[in-house]
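If you read the sequences in order, they're chains E and G.
The letter at position 89 of the first sequence is residue 89 when you use full-length UniProt numbering, and the numbering goes up by one with no holes.
The letter at position 97 of the second sequence is residue 97 when you use full-length UniProt numbering, and the numbering goes up by one with no holes.
One or more of the hints may lead you astray.
[Stated by the list, open to error] Over the 12 Å line for every Cβ pair with chain E, so calculated as not near, a few chain G residues:
(1) Ala14
(2) Arg20
(3) Ala28
(4) Val31
(5) Asp36
(6) Asn51
(7) Ser70
(8) Asp130
(9) Asp195
(10) Ala199
(11) Pro234
(12) Asp239
[Unchecked claim] Among the chain G residues that face chain E by a calculated CB cut under 8 Å, a handful are:
(13) Ala84
(14) Arg102
(15) Ile105
(16) Pro117
Honestly, the hints are just simulated from the structure, not real lab data.
Virtual Cβ for every residue (Gly too), placed ideally from N, Cα, C.
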Amino acid sequence: MTTAALSAVLLSVPLLSAPYDLLTRLVGLWSDGLGWIGERLGIAMLEYVFMHHALLVGALIAVMAPLIGTFLVHRQLALIGDALAHTAFAGVAVGLFVNSLLGTGISPYVTAIVVAVIAALAIELISETTDAYNDVSMAIVLSTGFALGAVLISLNTGGLAVGINQYLFGNLSTVSRENAVLLVVLFAVVALVVTVTYKQLLYVTFDETAARVAGVNVPWYNRLMTTLTALVVVGAMQIMGVILVAAMLVVPVAAAAQLARGFREALLASVVLAQIAVLVGITLSFRYNTTAGGTIVLVAVGVYVAAVLAGKVQSRRAGDGAPVAEE
Amino acid sequence: MSRESAPTDAGDDAPLVEARDLTFGYAAAPVVEDVDLRVERGEYVGIVGPNGSGKSTLLRLLLGLHEPDSGSAELLGRPARAFAERERVGYVAQDVTEDEKRMPITVSEVVLMGRFPHAGFGRVTAADRDRAREALRTVGIEHLADRKITALSGGQRQRTYIARALAGEAELLVLDEPTVGVDAESVEAFFELLDGLVADGMTVLLVEHDIGAVIEHASRVVCLNREAYFDGDPVEFADSDALDRAYGTNVRREEGGIVT
Chain E
1 MTTAALSAVL
11 LSVPLLSAPY
21 DLLTRLVGLW
31 SDGLGWIGER
41 LGIAMLEYVF
51 MHHALLVGAL
61 IAVMAPLIGT
71 FLVHRQLALI
81 GDALAHTAFA
91 GVAVGLFVNS
101 LLGTGISPYV
111 TAIVVAVIAA
121 LAIELISETT
131 DAYNDVSMAI
141 VLSTGFALGA
151 VLISLNTGGL
161 AVGINQYLFG
171 NLSTVSRENA
181 VLLVVLFAVV
191 ALVVTVTYKQ
201 LLYVTFDETA
211 ARVAGVNVPW
221 YNRLMTTLTA
231 LVVVGAMQIM
241 GVILVAAMLV
251 VPVAAAAQLA
261 RGFREALLAS
271 VVLAQIAVLV
281 GITLSFRYNT
291 TAGGTIVLVA
301 VGVYVAAVLA
311 GKVQSRRAGD
321 GAPVAEE
Chain G
1 MSRESAPTDA
11 GDDAPLVEAR
21 DLTFGYAAAP
31 VVEDVDLRVE
41 RGEYVGIVGP
51 NGSGKSTLLR
61 LLLGLHEPDS
71 GSAELLGRPA
81 RAFAERERVG
91 YVAQDVTEDE
101 KRMPITVSEV
111 VLMGRFPHAG
121 FGRVTAADRD
131 RAREALRTVG
141 IEHLADRKIT
151 ALSGGQRQRT
161 YIARALAGEA
171 ELLVLDEPTV
181 GVDAESVEAF
191 FELLDGLVAD
201 GMTVLLVEHD
211 IGAVIEHASR
221 VVCLNREAYF
231 DGDPVEFADS
241 DALDRAYGTN
251 VRREEGGIVT
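Chain E with its partners taken away, still in its complex shape (with noise of 0.2 Å):
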């Protein structure tokens, strides 16, 4: 795996080599633990160190992804995760193309971190040109990635094309512990930004105009926003693929709306339940031998269904769903 090659930049710094080695050695705890775990209880999926590896990020995944995804679904910019991760795998054909070209050894996901801010930033600096979040240019942006990371691509044909489908249907068993310690960088990075910046978030995402009246840098919140979707894209792409990885940001958020009265209320809803569709998925994936986002994304599909359900019989029975009378 390239990803030997991030470790090895990562190593050669002394400054980041200790704290690398601390994070490897609590990935390393993590699966001891998994491993003890599963076998006492017998259970086979938790024989695999690949396994240990995978839950670990998925975890981390369905943390950060309802996170971020509560923030821009609620403000009607679900598409951003869906044109960001189609760029992200420009980022990735982009990392394969210049290894196969000069030989080296950088990790397509590096290049695809670093292609998606750069993407995120320009979808940003295009809706502040234009004065509005525009579907039609945010669709251009995500066909514009697809398609020149397809063209990237089809000009290695050969040994290139191979590895694509991990990429765009993600992979369980390539989850490396370096790609396990990168996922805990970004969600130490996501989380922590987001708890510092979490008031003004809000604010923006919930009114905008209001929030400039107030004080709050709105271009800047959202220029932040839209890089941490870009983070969190990337991140999440491993196990969930380019195509799915944008449903791991709205499905559980748009299921925690349903039974949330509160944001903070909202946010804890959509963490749990995306724990539960990652869990039950990667479970299911390892089971049936079926790929890993799909699966995710399809418990994700029915926990948003059974929580409309459970939406309605709660809002009928309290009587929330029509406004309050006046006293």
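Model the placement of chain G on the given structure of chain E, informed by the hints.
Okay, now just chain G, sitting in the frame of chain E:
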């Protein structure tokens, strides 16, 4: 920029809002032209005018959301664009009663946003929550604190946004057509609430299509159609021909909602 030589101080005696020769247009033609407006502490100013007369744009200029093409807009003695003490101004927007966004958020979470400029990147404290609850009490919807905002009526939602401004300890309340989509009975109660806040020392700047309500409640009326056609006492305004000049015809005057 300003014609006056000495910059005004942001002290307590400075006008809360001051516009001089304010001109602005989205395209070539100005939407707001040569408007002078000065709002002193404790005033209750109602801005009326036909649709598309630049009322909302004027508010946005005064709030510093647009850069004026010429002239100046000042908030509490500072240029509106650079104004930093944002928590001193509360804003209730035009479209808040629209229901298309089904975002899950409770009334108390919305009101707590009024404390966000005070908290910055820090944590929201128990004192912040107390103040938010007190604001809810002031506008009379404390019992709705844990309701989802989309489950409220238009009138209740307007009260929520006013409570948000009160929680932020706003000294100036700026409202853009707050009664759109609110039923007649709630509109009356809403204006009574504003009267009460003004009596307690709040300064109110209101854009409103219901001219009758403005004449009845506001202490001053500004009639706008790109330029200011009238600025003064509501009773004088009702007797003047400013409305006819601003709206163009007598027929429109009936539609405008003047009752007796």
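Query raised in the report: Of the hints stated earlier, which fail here?
Result: Violated hints: none; all satisfied.
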